[in-house]
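Colleague: Heads up: the protein sequence lines correspond to chains A and B, in order.
Numbering of the first sequence is given in our numbering, commencing with residue 34 and proceeding in unit increments.
Numbering of the second sequence is given in our numbering, commencing with residue 2 and proceeding in unit increments.
The reader is advised that the hints may include incorrect statements.
What the hints assert, rightly or not - The list that follows gives simulated cross-link-like pairs (lysine-lysine, DSS-like), each with its CA atoms no further than 25 Å apart:
id	chain 1	residue 1	chain 2	residue 2
1	A	Lys-69	B	Lys-112
2	B	Lys-154	A	Lys-76
3	B	Lys-12	A	Lys-77
4	A	Lys-77	B	Lys-130
5	B	Lys-154	A	Lys-69
6	B	Lys-112	A	Lys-64
7	A	Lys-59	A	Lys-41
8	B	Lys-12	B	Lys-130
9	B	Lys-102	B	Lys-130
10	A	Lys-69	A	Lys-86
11	A	Lys-41	A	Lys-69
12	A	Lys-64	B	Lys-154
13	A	Lys-86	A	Lys-41
14	A	Lys-76	B	Lys-130
15	B	Lys-162	A	Lys-64
16	B	Lys-130	A	Lys-69
17	B	Lys-162	A	Lys-76
18	A	Lys-76	B	Lys-12
19	A	Lys-77	B	Lys-112
20	B	Lys-162	A	Lys-41
21	A	Lys-64	A	Lys-41
22	A	Lys-69	B	Lys-162
23	B	Lys-154	A	Lys-41
24	A	Lys-41	A	Lys-77
25	B	Lys-154	A	Lys-77
26	B	Lys-112	B	Lys-162
27	B	Lys-130	B	Lys-154
28	B	Lys-102	A	Lys-59
29	A	Lys-86	B	Lys-154
Worth flagging that the hints you see were computed from the coordinates, not collected in a lab.
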Amino acid sequence: MKIILNNKVEEFAGDQFTVGELLQAKNFTFKMLVIKVNGHLVKKSEHNTAVVKDGDDVMVLHLISGG
Amino acid sequence: MTFEHIQQILKTKTVGIAGCGGLGSNCAVALARVGVGRLVIADFDLVQEGNLNRQFYFYDQIGMLKVAALKQNLFRINPDVRVNTFDIRLCQSDIIEIYGKCDVIIEAFDKPEMKYLILDAVHNYMPDKYLVMGVGMAGWGDNNLIRSRQSDKLIICGDEKNAIADECPPLAPRVGIVANMQANAVLEILLGSNEHQIHTEN
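So here's chain A without its partners, still in its complex pose (with noise of 0.2 Å):
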């Protein structure tokens, strides 16, 4: 399946995976990670079951410290 991760497509095997699983292939280990599934924000304790298919447009965004 393709999906848009950060405004670039990337392909993974699979038809669809967890939002946990695409961390996990990704090897996003940040603690403070955002991440929205098609504009819907999706929180920390949803990541094993909230799910990333094909065509879908993914931002994983790292909340790092300074303002």
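Given chain A, work out where chain B should sit, using these hints.
Modeller: Here is chain B on its own, set in the frame of chain A:
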């Protein structure tokens, strides 16, 4: 659009700024200069000497509440700007109450937990509102890493890479770039995109 026309539109607008450090103070100054009618600013902190390497305060304002010092500075630039100040540490209900009537909200906190708090509050309770965040501006150089991107009504400005560290402090140039990028994003939201921009052909 002429500057007069721009001012006519902007003077009817209210922009909320959450945090008055490097991002918030510089962003507020840019918005006051172009004539945004009302700014709603919040910060619990006092001006400290260490802030002066990037934040829009003056040496003789050390010890003042940041919101009071910033209001003073904004009036010196544009006496017509209306400024609502809140010297509090914002929680979720404050964010909803204070920024609920703003046309756009600027996130200008330093701590990731606070950045998350406002993102969550806006998404869950004010989903129709634009939120312009600043993420990643510490250090120096790497001009080309600084950019912005948008997902629905969320706009992210910054390099999304350089967190603050002892060896990577926040400094005026990059902090100012991101703060002004946030202000620029606000103008695009309030005025629409600039169709009359002149692009030089190569």
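Colleague: Hint by hint, note whether the structure agrees.
Modeller: Checked hints:
no. : hint                  : result
1   : A:Lys-69 / B:Lys-112  : holds, 20 Å
2   : B:Lys-154 / A:Lys-76  : holds, 18 Å
3   : B:Lys-12 / A:Lys-77   : violated, 40 Å
4   : A:Lys-77 / B:Lys-130  : holds, 23 Å
5   : B:Lys-154 / A:Lys-69  : holds, 12 Å
6   : B:Lys-112 / A:Lys-64  : holds, 13 Å
7   : A:Lys-59 / A:Lys-41   : holds, 13 Å
8   : B:Lys-12 / B:Lys-130  : holds, 19 Å
9   : B:Lys-102 / B:Lys-130 : holds, 9 Å
10  : A:Lys-69 / A:Lys-86   : holds, 13 Å
11  : A:Lys-41 / A:Lys-69   : holds, 14 Å
12  : A:Lys-64 / B:Lys-154  : holds, 24 Å
13  : A:Lys-86 / A:Lys-41   : holds, 15 Å
14  : A:Lys-76 / B:Lys-130  : holds, 19 Å
15  : B:Lys-162 / A:Lys-64  : holds, 14 Å
16  : B:Lys-130 / A:Lys-69  : holds, 16 Å
17  : B:Lys-162 / A:Lys-76  : holds, 22 Å
18  : A:Lys-76 / B:Lys-12   : violated, 37 Å
19  : A:Lys-77 / B:Lys-112  : holds, 18 Å
20  : B:Lys-162 / A:Lys-41  : holds, 17 Å
21  : A:Lys-64 / A:Lys-41   : holds, 23 Å
22  : A:Lys-69 / B:Lys-162  : holds, 18 Å
23  : B:Lys-154 / A:Lys-41  : holds, 19 Å
24  : A:Lys-41 / A:Lys-77   : holds, 23 Å
25  : B:Lys-154 / A:Lys-77  : holds, 21 Å
26  : B:Lys-112 / B:Lys-162 : holds, 15 Å
27  : B:Lys-130 / B:Lys-154 : holds, 7 Å
28  : B:Lys-102 / A:Lys-59  : violated, 39 Å
29  : A:Lys-86 / B:Lys-154  : holds, 22 Å
The structure does not agree with the numbered hints 3, 18, 28 stated previously, though it agrees with the rest.
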